[in-house]
Amino acid sequence: MIGGRIRVSTLVGVLAILVLGLVIGLRPADPASADPSTTAGRAARLAGMARIADDDLRRLTELLVATVDDARSGAALTVAGDDPPAPPLIAAADRLDGGLQVADGAQSALVALRGTAAAVDPGLVLPPSGVNGAALSSIAGQLREAADAATSFVARRHATDAVLAALADALAALDHDQAQAALHFLADAAAPMELVRAWPSPPVTLALWLTTTDGLLLAVRAMADATLADDPVAAAKAADDYAKAAEAARGADVSLALALSEGGAAVTAIPLRRLADGLSDLTALREAIATLSEGD
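Residue numbering for the sequence shown follows the working numbering, beginning at 924 and increasing consecutively.
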């Protein structure tokens, strides 16, 4: 269920009173002796109310579908890509905030339809739905929070790229006997590496990448220092340390990929799940209403 406390507005309250009157007026004193023409009239009334409700629910469904498209775009950019993920996530939140009247209209139509259905066929039960203005406002807030979290996540994702690029540049410099240049490239890796280390509640699989990358950076620095000091013994030891750290590089790459995939997906998981649940509710409700709208 999409969740959220149903907001009972004055309009809905008045509508509920009117529906109660409608229930009393439509319900026959003795259903077994109901006049056929009266029965047909009630059925026509129910079908008309069903069509009105379905039209409002259709607009609400379209609103949620468009919101999901924006939110999924932001979710995808959180995990991969160069464009910032915040704009589509904020657009999704703005879309929901701008559609509160659509949700309230659908809620009012449902109140009227349920009341009419109770009068015409007391045994009829329509599926529940928690897609209302309060729920949309709540999800919009979660999407805005996700936009901030996604921005921070992408900064750290880019930081891992910067560290690996600096490491590759340092190795290339050493290969060309440019030890000082190698140290310069390693210095470029310091700030992004600290950003990754400071990741709050990091994905569990990130630990292996951090350990392995630290080992590689230290070994490359030791090789550069040994080269500048013209110390072949230290250079050989540093090269051996690098080889040992490199053995874990493949697993570290996999752990990083998992960390980015799982961590990025988690940023938008809750609002996306609530939107999906809401669309599921609306689908079930509209399917049930479709049978009523054919009553006349």
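If you're looking for bench data, these hints aren't it; they were derived computationally from the structure. Don't take every hint at face value.
Heads up, simulated DMTMM-like pairs for lysine to aspartate or glutamate below, C-alpha to C-alpha not over 20 Å straight-line [claimed, not checked]:
1) Lys1160 <-> Asp1137
2) Lys1160 <-> Asp1204
3) Lys1167 <-> Glu1117
4) Lys1167 <-> Asp1148
Here is what the structure says about each hint:
A hinted pair counts as satisfied when its Cα atoms are at most 20 Å apart, and Lys1160 with Asp1137 qualifies at roughly 17 Å. A C-alpha spacing of about 64 Å is found between Lys1160 and Asp1204, which places the hinted pair above 20 Å, so the restraint is violated. About 23 Å separates the Cα atoms of Lys1167 and Glu1117, which puts this hinted pair outside 20 Å; it is violated. Using a Cα cut-off of 20 Å, the hinted pair Lys1167 and Asp1148 holds, with the two alpha carbons roughly 19 Å apart.
Checked against the numbered hints above, the structure breaks hints 2, 3 and satisfies the rest.
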